[in-house]
Each structure stands twice: as structure tokens, then as C-alpha cells.
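2 protein chains.
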Amino acid sequence: MEATAQEVDTAVRAARAARGALADRAVRSAFLRSAAAGLDAARDALVETADAETALGPVRLTGELARTGYQLRAFADIVDEGAFLDVVIDHPDDTATPPVPDLRRHKVPLGVVAVYSASNFPFAFSVAGGDTASALAAGCPVVVKAHPDHPALSELVAKVLRRAAAGHGIPEGVIGLVHGFEAGIELIRHPSVAAAGFTGSVRGGRALFDAAAARPVPIPFHGELGSLNPVLVTEAAAAERGETIGAGLAGSMTLGVGQFCVKPGLVLVPSGAGGDQLVKALTDAVSDTEAGVLLDHRMRDNFVAGVRERAELAEVDSPVTPGAGGEHTVSAGVLTVPAEKLAEEGAHDLLLEECFGPVTVVARYAEEAEAAAVLSRLPGNLTASVQLSSEEAAGQGRGAEILAELTPLAGRVVVNAWPTGVAVAPAQHHGGPYPATTSTSTSVGGTAIERWLRPVAYQNAPAALLPAELRDENPLGLPRRFNGVLER
Amino acid sequence: MEATAQEVDTAVRAARAARGALADRAVRSAFLRSAAAGLDAARDALVETADAETALGPVRLTGELARTGYQLRAFADIVDEGAFLDVVIDHPDDTATPPVPDLRRHKVPLGVVAVYSASNFPFAFSVAGGDTASALAAGCPVVVKAHPDHPALSELVAKVLRRAAAGHGIPEGVIGLVHGFEAGIELIRHPSVAAAGFTGSVRGGRALFDAAAARPVPIPFHGELGSLNPVLVTEAAAAERGETIGAGLAGSMTLGVGQFCVKPGLVLVPSGAGGDQLVKALTDAVSDTEAGVLLDHRMRDNFVAGVRERAELAEVDSPVTPGAGGEHTVSAGVLTVPAEKLAEEGAHDLLLEECFGPVTVVARYAEEAEAAAVLSRLPGNLTASVQLSSEEAAGQGRGAEILAELTPLAGRVVVNAWPTGVAVAPAQHHGGPYPATTSTSTSVGGTAIERWLRPVAYQNAPAALLPAELRDENPLGLPRRFNGVLER
Numbered sequence: 001m002e003a004t005a006q007e008v009d010t011a012v013r014a015a016r017a018a019r020g021a022l023a024d025r026a027v028r029s030a031f032l033r034s035a036a037a038g039l040d041a042a043r044d045a046l047v048e049t050a051d052a053e054t055a056l057g058p059v060r061l062t063g064e065l066a067r068t069g070y071q072l073r074a075f076a077d078i079v080d081e082g083a084f085l086d087v088v089i090d091h092p093d094d095t096a097t098p099p100v101p102d103l104r105r106h107k108v109p110l111g112v113v114a115v116y117s118a119s120n121f122p123f124a125f126s127v128a129g130g131d132t133a134s135a136l137a138a139g140c141p142v143v144v145k146a147h148p149d150h151p152a153l154s155e156l157v158a159k160v161l162r163r164a165a166a167g168h169g170i171p172e173g174v175i176g177l178v179h180g181f182e183a184g185i186e187l188i189r190h191p192s193v194a195a196a197g198f199t200g201s202v203r204g205g206r207a208l209f210d211a212a213a214a215r216p217v218p219i220p221f222h223g224e225l226g227s228l229n230p231v232l233v234t235e236a237a238a239a240e241r242g243e244t245i246g247a248g249l250a251g252s253m254t255l256g257v258g259q260f261c262v263k264p265g266l267v268l269v270p271s272g273a274g275g276d277q278l279v280k281a282l283t284d285a286v287s288d289t290e291a292g293v294l295l296d297h298r299m300r301d302n303f304v305a306g307v308r309e310r311a312e313l314a315e316v317d318s319p320v321t322p323g324a325g326g327e328h329t330v331s332a333g334v335l336t337v338p339a340e341k342l343a344e345e346g347a348h349d350l351l352l353e354e355c356f357g358p359v360t361v362v363a364r365y366a367e368e369a370e371a372a373a374v375l376s377r378l379p380g381n382l383t384a385s386v387q388l389s390s391e392e393a394a395g396q397g398r399g400a401e402i403l404a405e406l407t408p409l410a411g412r413v414v415v416n417a418w419p420t421g422v423a424v425a426p427a428q429h430h431g432g433p434y435p436a437t438t439s440t441s442t443s444v445g446g447t448a449i450e451r452w453l454r455p456v457a458y459q460n461a462p463a464a465l466l467p468a469e470l471r472d473e474n475p476l477g478l479p480r481r482f483n484g485v486l487e488r
Numbered sequence: 001m002e003a004t005a006q007e008v009d010t011a012v013r014a015a016r017a018a019r020g021a022l023a024d025r026a027v028r029s030a031f032l033r034s035a036a037a038g039l040d041a042a043r044d045a046l047v048e049t050a051d052a053e054t055a056l057g058p059v060r061l062t063g064e065l066a067r068t069g070y071q072l073r074a075f076a077d078i079v080d081e082g083a084f085l086d087v088v089i090d091h092p093d094d095t096a097t098p099p100v101p102d103l104r105r106h107k108v109p110l111g112v113v114a115v116y117s118a119s120n121f122p123f124a125f126s127v128a129g130g131d132t133a134s135a136l137a138a139g140c141p142v143v144v145k146a147h148p149d150h151p152a153l154s155e156l157v158a159k160v161l162r163r164a165a166a167g168h169g170i171p172e173g174v175i176g177l178v179h180g181f182e183a184g185i186e187l188i189r190h191p192s193v194a195a196a197g198f199t200g201s202v203r204g205g206r207a208l209f210d211a212a213a214a215r216p217v218p219i220p221f222h223g224e225l226g227s228l229n230p231v232l233v234t235e236a237a238a239a240e241r242g243e244t245i246g247a248g249l250a251g252s253m254t255l256g257v258g259q260f261c262v263k264p265g266l267v268l269v270p271s272g273a274g275g276d277q278l279v280k281a282l283t284d285a286v287s288d289t290e291a292g293v294l295l296d297h298r299m300r301d302n303f304v305a306g307v308r309e310r311a312e313l314a315e316v317d318s319p320v321t322p323g324a325g326g327e328h329t330v331s332a333g334v335l336t337v338p339a340e341k342l343a344e345e346g347a348h349d350l351l352l353e354e355c356f357g358p359v360t361v362v363a364r365y366a367e368e369a370e371a372a373a374v375l376s377r378l379p380g381n382l383t384a385s386v387q388l389s390s391e392e393a394a395g396q397g398r399g400a401e402i403l404a405e406l407t408p409l410a411g412r413v414v415v416n417a418w419p420t421g422v423a424v425a426p427a428q429h430h431g432g433p434y435p436a437t438t439s440t441s442t443s444v445g446g447t448a449i450e451r452w453l454r455p456v457a458y459q460n461a462p463a464a465l466l467p468a469e470l471r472d473e474n475p476l477g478l479p480r481r482f483n484g485v486l487e488r
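Keeping their order, the protein sequence lines are chains A and B.
The first sequence begins at 1 in full-length UniProt numbering and counts up one residue at a time.
The second sequence begins at 1 in full-length UniProt numbering and counts up one residue at a time.
Read the hints as simulated data drawn from the structure, not as lab findings.
Treat the hints with care, since some could be wrong.
[Unchecked claim] Just a few of them, taken from the derived set where beta-carbon distance is under 10 Å, the chain B residues facing chain A:
#, residue
1, 96
2, 185
3, 200
4, 203
5, 207
6, 311
7, 385
8, 388
9, 396
10, 442
11, 446
12, 457
13, 465
14, 469
15, 484
16, 487
Here a beta-carbon is modelled for each residue, glycine too, at the ideal position from N, C-alpha and C.
Use the sequences and the hints to build the structure in full.
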């Protein structure tokens with residue numbers, strides 16, 4: 001049932017009409033908590049439908065659903081706290097140059113948000129996922145473009161959200177849902193859509209980003225597109241615990257059949273004995289990994305073609321060959337290559353592009369400068385990781401320097417851990433230089449709410465007319481900056 | 001001396017090489033204060049050069065230079081305080097879904113910022129203006145595209161900034177300066193330019209915005225393009241003090257020969273006696289205004305053609321005719337039109353477009369609904385203002401509703417005051433829905449620094465390797481969110 005242009009228009013208008021019902025923060029947080037409770041209550045039906053459509057398995061899906069509810073509740077807390085309103089109040093100051101009048105600033109919702117949901121997270125990055133939760137928390141109704149890999153689940157989840165909305169007097173139009181590629185294009189072009197969130201491929205995301213920028217009135221497009229997620233293993237770390245690192249890497253790169261945007265896709269491993277042990281432990285563990293089912297046929301085709309093309313490059317070896325398994329499955333695998341092949345532009349640049357699925361590229365470096373040369377050639381990433389030895393972690397050696405060198409590459413720098421498993425927390429940042437994301441924002445963690453707000457300042461407004469958020473006496477107890485001083 | 005592509009490249013590379021020298025916040029704030037002191041010390045030469053190039057007069061230019069220094073010092077204070085780093089620290093929490101590891105987030109500078117300076121503010125929105133001050137405060141070197149209306153002043157100011165930089169061991173390349181239209185295009189396309197700030201016309205700004213979005217790696221483009229700045233005068237306000245309002249409006253719209261981006265360009269005035277008195281006071285005051293010189297010939301031509309085209313529309317009157325004055329000057333003027341002509345799409349839509357220079361359009365409305373219909377048709381604005389009666393300001397009547405109705409239109413809502421005079425203050429917001437600005441950010445006030453930063457989270461990083469900003473013991477005394485709790 002692909003939505004027509006008229007159906008997209010109807011959904012956007014209905015969402016727009018629901019804006020007023022989200023104006024009250026107390027209503028918003030109650031709605032978010034009811035939505036979480038509604039998902040909990042419908043768990044069995046939701047997980048069954050999700051598994052039928054995605055084959056991700058009930059364990060993973062139950063966990064993902066719990067994460068999704070946790071996220072909705074976390075945003076409810078954020079709405080109640082109100083720090084995201086960024087209240088700033090300045091009393092008049094005639095001594096300033098130029099003089100300062102009475103000025104009071106807070107943030108207001110942008111309007112209807114278009115959410116493009118992901119294939120690989122049917123709950124956490126889809127209809128009730130982080131984009132929707134943060135947009136509703138900000139006071140923005142949403143229209144979701146469902147992912148074609150789980151249309152029935154999308155409808156079910158939307159129904160749960162709408163029921164929760166209705167329970168708080170919010171029109172059901174606050175959650176729009178449309179299906180179809182063309183509908184997605186219509187949506188980004190709709191004059192009443194004020195911003196968009198997207199999780200998916202570089203190709204699809206860039207096309208929508210371009211459409212958002214080309215509108216008569218351009219809108220913010222927060223897309224999370226793709227990431228190689230490089231890992232650097234120092235020589236000392238490999239010497240200290242090469243086997244442990246190899247086994248850990250195998251677990252991270254094959255988790256969820258490698259279908260995570262933070263899958264480590266390029267690992268810089270030193271040559272020598274420690275590195276050899278690492279690669280052996282990695283290949284042993286990956287060899288033991290059962291073949292898995294990818295989310296859809298297109299992904300499987302892309303994976304099989306992608307690993308074949310990479311494996312055919314000169315000096316690329318496959319200690320465990322990734323590729324097509326039986327019965328629609330794929331087998332996990334590892335490719336190795338001398339790091340020097342990646343240090344300069346050439347055919348091997350393909351290895352610096354994300355290959356979605358259970359494969360990682362191990363680049364062996366002879367000296368640090370070679371590893372640094374490869375890192376300097378990478379496009380933006382969601383994460384960059386390093387495995388350090390105990391001494392390096394304790395501050396002996398180049399640990400701090402390495403952290404500084406990885407910082408320009410990514411939005412999250414991981415030490416002695418793996419990038420998979422993206423925690424929902426205030427300090428989380430799930431974003432990074434393009435193409436990791438199309439903006440400087442995050443789609444996971446509390447600050448994701450910032451994407452759907454804009455500041456408004458009131459000048460010389462009489463106290464009687466001010467919204468409660470901006471009154472001197474602070475009746476809502478909001479954190480704010482008052483005459484230059486931060487107040488909690 | 002238009003810069004060649006190679007000269008642009010040289011400037012960007014030199015700026016990039018200066019990044020490290022800006023890494024220390026104490027050095028940055030000291031540099032900003034020295035820059036302000038340097039501008040003060042060079043005041044006479046700077047004002048003389050500026051006046052020769054812009055004809056804005058020594059009084060206005062001296063005031064603008066003071067504002068520019070004030071702004072540099074305000075950003076130095078912001079750098080010292082460090083709240084802009086947005087530090088968030090989460091200790092591990094195994095009870096969360098999924099579990100939360102040790103996560104610590106702060107903000108890092110984006111890289112080289114391209115600054116496109118304005119014609120109408122040769123100091124405050126040019127080489128040492130708000131974009132430059134906020135970028136340097138964030139830790140970003142800048143390359144400024146000088147405005148062709150004041151090339152010599154641009155060189156002089158750059159020299160002052162570079163001398164200040166050198167005094168703190170910062171390479172002079174931290175302030176690049178290029179001239180020429182083509183150089184501006186080269187600059188926005190340069191792979192090492194990480195973001196851009198712009199103040200100017202819708203046409204020029206949109207072209208650069210499009211170029212920024214079309215890059216292989218798109219970059220944030222913070223442009224302040226154009227604004228009509230509507231003013232609503234309620235019937236009660238006009239009845240209470242029509243004359244005062246008319247005189248105040250005349251002062252605001254002719255200030256600086258109408259060459260402010262926040263000039264009130266459309267005023268909704270009630271029909272009836274109060275409104276008539278307002279218009280009479282306005283026309284009397286504008287008639288008494290001396291002819292003035294616009295910043296350049298192109299602007300004068302656009303103004304003369306623009307007011308003529310508007311005045312020729314049906315039912316448009318000119319109680320004081322704006323247009324060409326003698327000796328390269330222009331005369332201020334007022335156009336009036338029945339508001340109903342603006343309530344629906346048609347030829348009169350031209351009156352809803354900004355006309356840069358000393359002219360305002362007074363639309364007379366018979367009833368509130370008519371005024372509301374006009375407001376609903378406006379594109380985004382920097383400001384929206386309302387003149388209320390004393391009773392309305394005290395909370396009797398529709399005052400609060402009117403504030404809520406004006407909020408979607410603009411980034412700053414002004415009550416019983418005029419939008420001209422943009423204070424530099426923490427609560428200021430100088431931005432608004434497109435085309436007022438191309439992003440949700442501000443180019444004036446403390447939060448302008450946010451444009452040049454991106455967050456980075458560190459996961460599981462050993463204390464020994466953490467930057468001081470992210471350590472538990474908070475050696476720098478930064479405001480932060482620590483395990484969910486805001487700390488000052």
C-alpha cells in the first residue's frame with residue numbers, strides 16, 4: 001500500500017494539526033511514558049511480527065524493544081527536567097555596548113518532523129525509535145516513512161503510539177505513517193515538514209539530504225548514513241593480549257550478522273607475533289560463527305558482491321572467506337591486506353568503504369606511521385577505537401596522543417572496548433563527520449532532542465504576557481542562565 | 001587584488017595549520033582580549049578608513065567599533081567559563097537497557113571557518129565581527145571573504161587581529177583574508193573548510209548555501225539572508241499612542257539609512273483615527289529626514305527600482321515618496337496599502353519582500369482577521385514586533401495570544417519597542433525561519449559559538465588519558481552534567 005502524494009499530504013496535515021496538543025510538557029512526558037508502557041504490553045505480538053519480517057530472532061528483538069521503551073522513558077525524564085529549553089534571561093543593562101534590553105530566550109519545537117526508519121533496528125530506529133521519541137519530546141509531531149523490510153510491524157507500532165496519544169487527548173495524527181519510496185520523496189518536499197531524521201545508506205540518505213537542501217525553504221536533515229568504524233591495535237596491546245582482542249573483534253563484527261552501523265569494518269593490526277595471534281584468534285572464532293540471514297535480499301546481494309570484489313584485489317587474503325551461505329544465509333569472514341596498500345589512493349580504496357554485513361578488513365602495519373597514514377585517509381566515522389596495552393592505558397606511552405589523533409575521525413572514541421552496543425545515555429554521541437552523519441547532531445542519547453528545536457528570544461515583553469518558562473520567579477524550576485549566571 | 005584559486009588554497013592551508021595554536025582555551029581568550037584592545041588602539045585610523053569606504057559617518061562607525069570590541073571580550077569570557085563545551089559525564093550503569101559504559105562527552109572545534117562579511121556592518125559583521133569572534137572562541141581559525149565595499153578596512157582589521165595573534169604565539173594564518181567573488185566560491189568549495197558564516201542577501205546567501213550542500217562532504221552553512229521584520233500595531237495601541245508609535249517607527253526604519261537587516265519593513269496599522277494619527281506622525285517625521293547615502297551604487301539602484309515598482313502597484317499610495325535624492329543620495333519614504341491586498345497571493349506579494357533601504361510599507365487593516373491573514377503569509381523573519389496598549393501589556397486582552405502568534409514567524413519577538421539595535425547578550429537570538437537564516441542558529445549573542453563545534457564522546461577511556469575537561473575531579477571547574485545531574 002504505497003502512499004500517494006495526496007495521502008502523504010493528508011498525513012502531514014494531520015500531524016501539523018496535532019502540534020497544539022503537544023505544547024504542554026507534562027502532557028508530552030505522560031504520553032511518552034504511556035507509549036513505552038503500550039509497547040511493553042504488546043511485547044509478544046510485536047516481537048512475533050518483527051521476527052517474521054526481519055528474522056532477527058526473538059532474543060535480539062526483545063532486547064531491542066526494551067531499549068526502545070527505555071529510550072521513550074528517558075526522553076520523558078528529559079521533558080520533565082526542561083534543561084533542553086535552554087532558558088536564558090538577561091535583564092536590561094544600559095552600560096553594555098550597545099545597551100541590552102530585557103531579553104529572554106528559550107527553545108520552541110520546529111514543527112512536523114519526517115522520520116525515515118531503518119531496516120536493521122525495526123524498533124529502536126523505526127516508528128517508535130530515537131528520532132520519533134526525541135521529536136515528540138521536543139513537541140514535534142512526526143510522519144514516519146516505514147522501512148519496506150517491516151511494514152506490518154510499522155503499522156502495529158504506530159497503532160500502539162496512537163492509542164497512547166489518544167489516552168492523553170492528543171490526536172492520532174501526531175504519528176503519521178506512510179509506505180513507499182515515492183512517498184518518502186514527497187514527504188521531504190512537503191512544505192509543512194520542518195525537519196527530517198534518517199538512518200540508512202549513504203546513497204539513500206544523500207539523495208534525501210540533497211532534496212531537503214534544494215527545497216524553496218531548506219530544512220535541517222539529520223541523517224546517519226554510513227561508517228567504517230576503524231580500530232587501531234597498538235603493538236604493545238597485540239603483544240599483551242592478541243588472542244583476547246582477536247576473539248573480541250570476532251564477537252563485535254559478527255554481532256547481529258554484522259548489520260550494525262557501528263560494526264568495526266577496518267582493523268589496523270601490527271605485523272609480528274602479537275598481531276599474528278590476534279588474526280589467528282579472530283579467524284578461529286569467525287570460522288566457528290554460524291551462517292546468518294541478512295535483513296533482505298538486496299542486502300545479501302550487496303554483501304556477496306561487495307566481499308567478492310574486495311577479495312579479488314591484489315594482496316588481499318581471506319583467512320575465512322565471507323560470502324553466500326546456503327538457504328539465503330551468508331557466512332562471516334575476514335579479509336587481510338598489507339596496510340601500505342591503503343596508505344595511498346588506488347584500487348584498494350574500496351576497502352575503506354563500508355561493507356554492510358559480517359566482514360571486517362584487517363590491515364597489517366609494519367610501523368606506526370603506516371597506520372597513521374591509513375587513518376588520515378578515512379572519511380568521517382561514527383566511532384574510532386583503539387586497543388591499548390595496560391601500560392599505555394595507564395598513561396605510559398602514546399595513549400593520550402592516540403586519543404587526540406582519533407578524535408577528528410569520529411563522534412565516539414572507544415578505548416579497550418568494541419563500538420557495537422550503543423548505550424542510551426546523556427553523554428552518548430551517535431554521529432560524526434560526514435558521511436557518518438549529515439549534521440553535527442546525534443540520533444542516540446539525550447542531546448538528540450536538540451535537533452528539533454529552534455531558539456526564540458522575547459525582547460521587552462511584559463511579565464504578564466511571558467510564557468511561564470521565561471518568568472523571573474521561575475515557577476517551573478527550570479535550569480537556566482540568569483543574568484549571565486548558570487542556575488540549576 | 002582578487003585572490004586566485006591558489007591564493008585561497010594557501011590561506012585555507014595556513015588557517016588549518018594554526019588550529020593547534022588555538023587548542024588552549026586560556027590562549028584563545030587572551031587572544032580575543034588582545035584583539036579587542038588592538039582595535040581600540042587603532043580606532044582613529046580604522047574609523048577614518050571605514051568612513052572613506054562606507055560613508056556611514058564617524059559617530060555610527062565609532063559606536064560599531066565599540067560593539068565589535070565588546071563582542072570579542074564577551075566571547076573571551078565565554079571561553080573562560082567553558083559552559084559551551086557542554087560536558088556530560090556518565091559513569092557505567094549495568095542496570096540500563098542496554099548497559100551504559102563510562103561515557104564522557106564534550107565539544108571540539110569543527111576546523112577552518114569561512115566568514116563572508118557584510119556590507120552594512122564594516123566592523124561588527126565583518127573581519128573582526130561576530131562570526132570571526134565566535135569561531136575563534138570555539139577554537140576555529142577563519143578565512144574571511146572581504147566585502148568589496150570596504151577592502152582597505154578589511155586589510156587593516158586583519159592586520160590588527162594578526163598582530164594580536166602573534167602576541168600569543170598564534171600563527172598569523174589564523175586570520176585569512178581573501179577578496180573577490182570567485183574567491184568566495186573557491187572558499188566554500190575548499191575541502192579543508194569545515195563550516196561557513198554569511199551575512200548578506202538572499203540571492204548571494206542561497207547560492208553559497210547551495211554550494212555548501214552540494215560539496216562531496218557537505219558543511220554547515222550559517223547564513224543570515226533577509227527579513228521583512230513585520231510590526232503589528234493593535235487597535236488599542238494606535239488609539240492610545242498613535243503619534244508616539246508613528247514617530248518611533250520613523251526613527252527605526254530610517255536609522256542608518258534603512259540599511260539594517262532588522263529594519264521594520266511591513267507595519268500592520270488599524271484603520272480609523274488612531275491609525276491615521278500614527279501614519280501622519282510617521283509621514284511627518286520621515287518627510288523631515290535628510291536624504292542619505294547608501295553603501296554602494298548597486299544598492300542605490302536596487303532601492304530606487306524597488307520602491308518604484310512597489311509604488312506603481314494598484315492602491316499603493318506614497319504619503320512620502322521614497323526614491324533617488326540628489327548627489328548619489330536616496331530619500332526615505334513610506335508606502336501604504338490596504339491590508340486586504342496582501343491577504344491573498346497576487347501582484348502585491350512584492351510588498352512582502354524585503355526592500356533594503358529607508359522605506360517601510362504600512363498595511364491598513366479593518367479587522368484583526370485581516371492582519372492575521374497577512375502575517376500568516378509571511379516568509380521567515382529575524383524579528384516580529386507588536387505595539388500593545390498599556391492594558392494589553394498588563395495582561396488584559398489578547399497580548400499573550402499575539403505573542404504566541406508572532407513566535408512562529410521569527411527568532412526574536414519584540415514588544416513595545418523597535419527591532420533595530422541588536423544587543424550582544426547571552427539571551428540574544430539573531431536568526432529565524434528561512435530566509436532569515438539558513439539554520440536554527442544565531443549570529444549575535446553568546447550562543448553563536450555553538451555553530452562551530454561538534455560533540456565527541458569518549459567511551460571507557462582511562463582517566464590517565466582523558467583531556468582535563470572530562471575528568472571526574474573537574475580540575476577546570478567547568479559547568480557540566482555529571483551522572484545526569486547538572487553541576488555549576
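A quick look at each hint next to the structure:
1. 96: For residue 96 of chain B, the interface hint holds, since the closest Cβ of chain A sits about 7 Å away, which is under 10 Å.
2. 185: Where the cut-off is 10 Å and the nearest Cβ of chain A is about 17 Å from residue 185 of chain B, the hint is violated.
3. 200: Residue 200 of chain B check fails; min Cβ-Cβ to chain A is 17 Å, beyond 10 Å.
4. 203: Violated. Min distance 14 Å.
5. 207: Status violated, d = 13 Å.
6. 311: It is violated, given that the least Cβ distance between residue 311 of chain B and chain A is near 27 Å, above 10 Å.
7. 385: Holds: closest Cβ of chain A sits about 8 Å from residue 385 of chain B, inside 10 Å.
8. 388: 8 Å, holds
9. 396: With a closest approach of 9 Å, the residue 396 of chain B hint holds.
10. 442: 7 Å, holds
11. 446: 8 Å, holds
12. 457: 4 Å, holds
13. 465: At about 5 Å, which falls below the 10 Å cut-off, the nearest Cβ of chain A leaves the hint on residue 465 of chain B intact, so it holds.
14. 469: 12 Å, violated
15. 484: 6 Å, holds
16. 487: Cβ of residue 487 of chain B sits 7 Å from chain A, so the hint holds.
Figure legend: structure checked against the earlier numbered hints; hints not met, in rising order: 2, 3, 4, 5, 6 and 14.
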